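Line by line, the protein sequences give chains R and W. The first sequence begins at 0 in numbering that gives the first Met the number 0 and counts up one residue at a time. The second sequence begins at 0 in numbering that gives the first Met the number 0 and counts up one residue at a time.
Just so you know, the hints here were simulated from the structure itself, not pulled from any lab data. In this text, all values refer to a predicted model and were calculated from it rather than measured experimentally. You may find that some hints are simply not true.
[What the hints assert, rightly or not] A partial selection of chain W residues facing chain R, derived with a Cβ cut-off under 10 Å:
#1 Q133
#2 T136
#3 A140
#4 K170
#5 R172
Here a beta-carbon is modelled for each residue, glycine too, at the ideal position from N, C-alpha and C.
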Amino acid sequence: MRTLHHFNGGVHPAQHKAESNTRPIVAAPVPPRLVVPLHQHIGSAAKPLVKVGDKVLKGQMIAAAEGYVSAAVHAPTSGTVTVVEMQTVPHPSGLPDLCVTMETDHEERWIAHAPLDYRAMDPSELRNHLRDAGVVGLGGAAFPSFIKLNPGPAQKLQTLILNGAECEPWITCDDRLMQERAEAIVQGIEIMRFMLRPEEILVGIEDNKPQAIAAMRAACALADFAVEVVPVPTIYPGGGAKQLIKVLTGKEPPSGGRSTDVGVQCFNVATAYSVHRAVHHGEPVISRIVTVTGNVRQPGNFEVLIGTPVEQLVQLAGGAKDGTNGYVMGGPMMGFTLPQPNVPVVKATNCIIASSQALFSPAPPALPCIRCSRCAVACPADLQPMDLYWFSRARNFGKAQEYALFDCIECGCCTYVCPSHIPLVQYFRFAKSEIWAREKEKEAADLARERHEFRQFRLEREKEERAEKLAQKAAAKLEMLGGSTDPEADAKKAAIQAAIERAKAKKAAVTPQNVDNLPPDKLKEIEEIEARRAKAKEGTQQDS
Amino acid sequence: MLSALLVMSGLAVILGAVLGFAALKFKVEENPLVEKIDAILPQTQCGQCGFPGCKPYATAIAAGEADINQCPPGGEDGIRKLSELLGVEFKPLNAEHGEPKPKSVAVIDEEICIGCTLCIQACPVDAILGAAKQMHTIIAAECTGCELCVAPCPVDCIGMQPIGEEIASWKWRYPVIPIRAAG
Chain R
0 MRTLHHFNGG VHPAQHKAES NTRPIVAAPV PPRLVVPLHQ HIGSAAKPLV KVGDKVLKGQ
60 MIAAAEGYVS AAVHAPTSGT VTVVEMQTVP HPSGLPDLCV TMETDHEERW IAHAPLDYRA
120 MDPSELRNHL RDAGVVGLGG AAFPSFIKLN PGPAQKLQTL ILNGAECEPW ITCDDRLMQE
180 RAEAIVQGIE IMRFMLRPEE ILVGIEDNKP QAIAAMRAAC ALADFAVEVV PVPTIYPGGG
240 AKQLIKVLTG KEPPSGGRST DVGVQCFNVA TAYSVHRAVH HGEPVISRIV TVTGNVRQPG
300 NFEVLIGTPV EQLVQLAGGA KDGTNGYVMG GPMMGFTLPQ PNVPVVKATN CIIASSQALF
360 SPAPPALPCI RCSRCAVACP ADLQPMDLYW FSRARNFGKA QEYALFDCIE CGCCTYVCPS
420 HIPLVQYFRF AKSEIWAREK EKEAADLARE RHEFRQFRLE REKEERAEKL AQKAAAKLEM
480 LGGSTDPEAD AKKAAIQAAI ERAKAKKAAV TPQNVDNLPP DKLKEIEEIE ARRAKAKEGT
540 QQDS
Chain W
0 MLSALLVMSG LAVILGAVLG FAALKFKVEE NPLVEKIDAI LPQTQCGQCG FPGCKPYATA
60 IAAGEADINQ CPPGGEDGIR KLSELLGVEF KPLNAEHGEP KPKSVAVIDE EICIGCTLCI
120 QACPVDAILG AAKQMHTIIA AECTGCELCV APCPVDCIGM QPIGEEIASW KWRYPVIPIR
180 AAG
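The shape of chain R in the complex, shown without the other chains:
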């Protein structure tokens, strides 16, 4: 039996798992229209490859990864691209982002795809394949997985952790996935094992999911490598990557560091499943399992095509009950209210909760902080939220950073326990985005300063060059008039001559040598042009 560790803090909110975890996953029908956002992952947005009117096949790449931290986006089914423009996406800002809208033809015609023989592949080729299959972390952060699947220079990893904790209340999509598709998850783990070469593999599942634990244990027993399924105590946020690592291994990634700094890498079980689909079936990420729960008639889990409007998903769950006043994407602790109900499902959408007054009563007005320090007791990141609150509120961002604001995982435990109902996490999010914005502004200012200084230097240099040219001309004229016998004038002349030589040398140095490596025919062409130019010049001189 493995000895488990525990992290400080955490809370026990009402779980609400039973509403949706008893019914099997239902495949959602293909909607008539899909809106696929091109920026569904952390990093830079994918670059669109299709235009209006294009016919696309199921699984066809419609946007390619751009830059290193990025992932591709694919057509979830076959159909015709109707619009490529900005549309409202599931984001707390409610702002639009670039999306590809397509009318589906319900023919489900797949693009050619085949399983990969990953064992024979070059590791970087395999990683690029995962990037081009759009595999991102499906736990909610949507970080491109291929980057995390790089073992780095060490070429080895101590512990690979599969995160099946699913600690947020209401959400059961990973629970159902583990119950129903445990073998596929284990096959995905096998690919991850091949890529990362970990010494041990652990699957952490909270002990409120006994069926998922049993299913995963059964599947792991069949595997020809060692995987240990470890039930972990149910406590929020036990499924946070850093918290789960702490519980399973006792290791703590350093402040501001990554889990690989302590030899651990952590993936969501659903990510392992999509790695399996991408490698063993050659299928990109075009659907995911979403829990639809809360104030709906028949809560459950659905396998949904990316781009399906949330509204239609809610209809599948029997529709929203009376009193629904909005939809939350993600869980009640870390999720956010959707700007409008017709936004599409994206790779990060693990759960849609129909909210109502009865389920989530609005927080009473905030009262002053009484420094009871309950938030510090509840904080799983060992921070002092009451101090961070003070600094964020006062916009004292330097001090907030000193108190490790960026180690805050925004889990919401502090807000949950605050007896004064202060929206602490909102203050921390505000402070973080303000710090990022200032950093960007500073970068822009530095760039402007540098460019301005270079311009000043350039203008100065051009001025000097012009002066030298004039001096050169004057000297030439003097020579034409005949040298004088005056030794003083001779010295002056010599100085001028020296200056001319210097200028010539300098000019030769700055003249771009961009014709050096040209083929002879090009050189000949240039010579001809030069000859013509000289001729033309002569002509104009004769005219004048």
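Since the structure of chain R is already known, use the hints to place chain W on it.
Just chain W now, with coordinates in the frame of chain R:
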């Protein structure tokens, strides 16, 4: 007695030499205050302060020749930072030098542009690309929004476009407690 005198005077000579050497070796070339002020200024290089760029304005502030409230792009925030740095009283922006505007970038209407290069010569950060009788264009990422290129254009083809809010630049708002209407 004599040895003590010798030791003391010897020490004085050595330490004096060390201090003299250090003063030469670690000589501060520029007024460090200018650098600090320059770091606060937004580097728009727009000249609205009455000086030909941010650095000259910073130098003037350091020399006590200019007030701290002459930079519209820096806004109240910038003035506040300057007042903190220099230990002087905050004062509102001097309206003579202009009003703060939302951050924008210049955009050239490429249909109208005649390729006169006047805007290229005006741009303080070399953010305009083009050549004589060739269409010009603005490198948006390097444009500071100083508006210096707008006036020289003989065909009025340069407009200022405010930078709207995008998801990438969106910021979480300062939390406010909604006040509900009574009744």
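Status of each hint after checking the structure:
1. Q133: With a closest approach of 18 Å, the Q133 of chain W hint is violated.
2. T136: 16 Å, violated
3. A140: At about 8 Å, which falls below the 10 Å cut-off, the nearest Cβ of chain R leaves the hint on A140 of chain W intact, so it holds.
4. K170: 4 Å, holds
5. R172: Result: holds, 6 Å to nearest chain R Cβ.
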